[in-house]
Every structure is written in structure tokens, then in C-alpha cells.
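Residue strings, one per chain:
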Amino acid sequence: MSGGLFYAMRAVFMRDLLVFWRRSTEVMTSLVFFVMVTTLFPLAVGPERHELMLIAPGVLWVAALLATTLSLNHLFASDYQDGSLEQLLMSPYPLSALVAAKIAAHWVLTGLPLALLSPLLAVQLALPTKAMGTLVLSLLLGTPILSLIGAVPAALTLGVRGGGVLVSLLVLPLYTPVLIFGAEAVAAAAGQGFASVAHLSLLGAFLALTLSFAPWASSAALRVSLD
Amino acid sequence: MSPRGLFSVRALSCARGDKTLFAGLSFQLNAGEALHVRGPNGLGKTTLLRALCGLSRPIRGDIRWRGERVSDLAEEFTAEVAYVGHLNGIQGELTVLENLQTAARVFVRGKERMADVETALARVGLVASADRPARHLSQGQKRRLALARLLILRRPLWILDEPFTALDAASVEGLSSIIGEHMSAGGLALIVSHQAFDLPGIRDFELARFCKART
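Chains as they are written, first to last, in the working numbering: chain A, 1 to 227; chain B, 228 to 442.
Watch out, some of these pointers could steer you wrong.
Said to hold, decoys possible - Dumping the calculated DMTMM-like pairs for lysine to aspartate or glutamate here, alpha-carbon to alpha-carbon at most 25 Å:
1) K246/B - E51/A
2) K439/B - D227/A
3) K439/B - E389/B
4) K246/B - E389/B
5) K246/B - D289/B
6) K439/B - D245/B
What the hints assert, rightly or not - Partner residues aside, some chain A positions facing chain B, computed with beta carbon under 7 Å:
7) V12
8) R22
9) G83
10) S84
11) S91
Calculated directly from the structure, the hints in this document are not laboratory data.
Since the model is a prediction, treat every value here as computed from it, not as a measurement.
Backbone N, C-alpha and C fix where the C-beta goes; we use that ideal spot for every residue, glycine too.
Isolated chain B, as found in the complex:
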């Protein structure tokens, strides 16, 4: 097989209901690269991200990780992906700390995981709220908690759906630098965002190119 990107997508088509959203979508991503997926509402950006991380099934197309089909890798692939969607995935009854500890136990293989929890909390500025029930957090703080999971998971491929929603200016900057560090450490990122953010080296990816003319 010819050497291609670490993460490569070829001729991908996705549909929502019976409507094809996009077809023939291709791109590849190498270590340290990131894509900013852009396009107006309703184009299928979320569907694309969900298809890429294996949550929903594309109609056709070839998604490969390290040259192997994602569908063949199954859990070996999900072990390499961190996904932050529209929903934060935070259990309101648990405290901030408990949420992260559960994430560390359920999603991370290996022993060093618990040390990361404290570091991640400090990084997103939630140390003072560690023992508060997550349901008492503000929207922005919940978002930060969801993003703290990225730091614990230590996965090479980050798939982020509108990660900057509800974040204040300082947190937007903080997250940008977190993503920047992830990239310089050889990580990959796919980001959907309508909000402007500053991240050197990120490529723009117009989803509209792969959509048929819309009425």
C-alpha cells in the first residue's frame, strides 16, 4: 500500500434520514496536523465528525487509521480517538472530580492515569470547583470539564465539535494553546467551529465543496 496519511478518508458519503449530506469527501491528516472544518449550519459537519469517530455509519467511503480500515480496527481505533460533541458527557450528580476520575478509569488503559486528573483540572481552571456537583457548574465551566477529559485521555486523534461554545475569551485562548501543544506533540485534530480562534498551522476545510447544490 502506498504511504498515506496517518488518518485518511476517501470518497466518504454520509446521509441524515434519506438526504445525502455530502459525497466523495476525501482528506488526509498526518501527525501534528489539524483541520478546521467549516461550513454553514445544516451542511453535515456534526454528522461528518460522528462518522469519523465511529459513532454513526457512513453510506460509503473508506476511513483508515495507520493504513488500516477503522471498521476492522474497532476498539483499537476508538482507543486512539477523543471526541467532544455538542453534549458534554458530564454526569450532573457527580462532582467535577468524580466525573474526571470515572473518565480516567473507564477510558484510559494503564496505571499513570490518576496523576493526570489533577493536572487536567488545574489546566482548565476548575481546581476550586473540584468537589462541587457538576450540575451546579455554569455552561462554560461544564464545557471546560468536558475538555479536561481530552488531557486525561491522551489520545492521538482529537475530534472536537464546537469546542469553544460558551467559553470566555481567556478559556478560548487556553484551549487553543492546549490544541497547539497537542499538535506539536504529534497529535491530530479535527475541529468544527463557527467561532474564530487562533491556532498556527491549522488547515481550513470547506465542507461545502462536497455537498450538492442546495435548494
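So that you can see chain A by itself, here it is in the shape it has in the complex:
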């Protein structure tokens, strides 16, 4: 039984990876958005290294936040439209486990590339090299939280007109703690504050917390949306 659940979760995960991969424009959109937004700042603020270095952690984290928000629609919307989601609700396995697999696939294709790409963009924002590791680590810890929390409003607004904008409005306030700790961790590593370990530990704790409740909450939201 538990082996069966694992296979089912893996099947959902692989299916979503394959679907997103074949629809790569959607995945690329949020990544390109991330690149664009971070590139706009040096252009607008000017090439002053010290100023750029001060805003770099915040800019990178806000851009990551907005890029993830953009991609949240892909999580359930197409499955909702073609009826796959309805079928997923009829699976013999706990829905929250399958939803967790979907969220994992979403993160692998949005959060993970974003975290890996971030050092490249940090260079143009004059982030010190010693903070690069912390930047990647904070995003690796933080972006799964963004995908997990975002799944709840994404599930709730299925079938609602203008759902995309509504998701952003609902989700951005919930993202603020992640933003604060994430950006602070990077700033600390760049030598602007306390040690970054504390912030990273808090991010880790936050990840553990959302991991335990977000799949469950979004599967409950899905049942409501599909009623």
C-alpha cells in the first residue's frame, strides 16, 4: 500500500514534469521575467556599485517572489480545465500526497532553475562573491516554501474569473515572512547585518512547517473548488 502510494506520487511528479517540459514556454516565462526584472534595477538605479550592493538581496528576492507568483497559475489551471484534476480526486490514494507531488514538480521547474540562475544575476547587482553561496542556499530553501504556500490560493481560485490576479493578491502577503528572512540572510552574508545562519535556520523551519500543512490545505481547497 505505502509502496503503491510512492509509485503514484512518482507518476504524478513525472507526468507534471513531462507536461511542463513540453509546454516549456510557460516555464520559461517566469524565468525570463526573473531575469528581466533584476536587469532593470542596475539600469534604473545606475552603475554605482555600493548602492547596487545595498539593494541586491532585496531586488533578487522580490524578483524571485514575483516570478513564482506568475507561475502559480500553471500548477492546477490546465488540469482543472481538461478534467484531470477531477480524476485525481477519484484516486485511491490520499489527495494531499498527490498534490505534494504536483507541487514538487512545480518547484523543480520554477524555483530550482531560478535559484541556480541567481548568482549570474547577482553579479550585475554587484553582490559580493562571498554572499553567492548564501543567496543560492536561501533561494533553495525559500522557493519551495513559495510553491507550497502558493498552491493553496491557486487551488482556491480555480474557476474564478480573473483568478490569476487574485492569486497574486492573496499570496503576496503570505510571502512576506519568507521575503524578510531570505533577503536578510543574503544581506547578512554580504556583510550588512547579523550572521546569516539564523535567518537560514528560520527559513528551514518555515519550510518544514509549510511542508506539513500546505499539501493538506491545498487538497482541501481543491475539493471545495471542484464541488
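With chain A held as given, fit chain B onto it using these hints.
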């Protein structure tokens, strides 16, 4: 408890928004039996089917499977139901074969599931299209793919909402015989359809009996 049907529904009421669609609906179904739910548009046939398979919540009523409340059984009950709704539940980016393989992995417990995929494809006549992306299929072929899932799932209770839409005459006959075989193997079926089909032993069920006079 008195022995009742394998699948029994008592005093079921459902609403859409604030409008009660039907009330006091009761029936029971035993192994090898099927119901053809009939009635004009807007009566609540789809709502009834969705309530029966647990996708939507009825206002009140008692739905039992093997004598136990469906709400108590939860996933134990969904593991016994196959539902084909208006939406086909097909992911257009995946090929026909990938769609069925995913269904087999996510919805079937046990090992023998993959052998069924080939058989099911052959049965609905989609072997030649197995490697085509599902979005390139015609409406009728998509419907057939959705119905192929029934054969893979091997569930005792089939709940089918307009299964014959977009199917050509030969496929309608093919599906009727699939349902017929399901029934003779002891399966149950609830079918909503406006299209005429030939299935020996199926009972008609007029939903209008449980609806208040409509204006």
C-alpha cells in the same frame, strides 16, 4: 442492518447554488445491475452523478457502499468507483499511451496494471494513435481514450456522464458491449445519456420524479 443493495442511496437531496434540484431520491443497485438516469436538461443529472462519486456534497441523504457510509469509507470508496464526466480528463501534451500509463500508475493499486494498457487501447481502437499527442485526437477519439480508462481501472462501480457523446455508431455499440460485459462480470453502472443505446438489463430511472414542479 437489513441486507440492502451493494450500492444504496436513500433520501438524497442536492442543490446547485441555492436551488434545490431534487429531494428524497432513493434507489439501490446490486451486482450486475445498471441504471439509465433520464430527464431533461437542467434537472440535475450531472449533479447527482458527482454527488454519488463523492466529488460534490449533497445537502442530505445517505449513500452506502456495501452497507457502509460512503463518507466514512472515503478513499476506500473512491478506490471502487470509476467516473467519466463531461470533461475527458486527458492531458493534451501527453501521448495517448502516456495518458493511459499515468492513469494506470496513479489510479490502480497492484502490479498487473500495465498489461491492461495495451488491451484497453486495442479495445477502443486507438492502437494506431498510441504515440500521437492527445491534443491531436478528434473529439470522438478523446472520448474513447477517456473510456479506455474504465478498462484499466477495473472498478466495480462505473459512473458515466454522457459517455456516448461524439462517438460514432460503431463506437456506441462497442461501448455498450463493454458496459454489458462489465455488468455480466458483476459490475455496477450508472449512466446518464440522452442518446439511445442498446443494453440488455438496464433499468430506466426518471430523475423528474424527485424534482419539484418546475416553473
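Evaluation of the provided hints:
Under the criterion of a C-alpha separation no larger than 25 Å, the hint pairing K246/B with E51/A is inconsistent with the structure, at around 62 Å. Under the criterion of a C-alpha separation no larger than 25 Å, the hint pairing K439/B with D227/A is consistent with the structure, at around 23 Å. Proximity of K439/B to E389/B is assessed by CA-CA distance (about 24 Å); at most 25 Å being required, the pair is judged to hold. Proposed proximity of K246/B and E389/B is supported: the alpha carbons are some 23 Å apart, at most 25 Å.
At most 25 Å may separate the alpha-carbon atoms for a hinted pair to count; K246/B and D289/B meet this at roughly 20 Å. Proposed proximity of K439/B and D245/B is supported: the alpha carbons are some 14 Å apart, at most 25 Å. With its C-beta approaching chain B no nearer than about 6 Å, V12/A sits inside the 7 Å limit, and its interface hint holds. The interface hint given for R22/A is met, as the beta carbon of that residue sits about 4 Å from the closest beta carbon of chain B, less than 7 Å.
A cut of 7 Å between beta carbons decides the hint on G83/A: the least distance to chain B is about 3 Å, and the hint holds. A hinted interface residue such as S84/A counts as satisfied when its beta carbon comes closer than 7 Å to some beta carbon of chain B; here the least separation is about 5 Å, so the hint holds. Because the smallest distance between the Cβ of S91/A and any Cβ of chain B comes to about 5 Å, under 7 Å, the interface hint for this residue holds.
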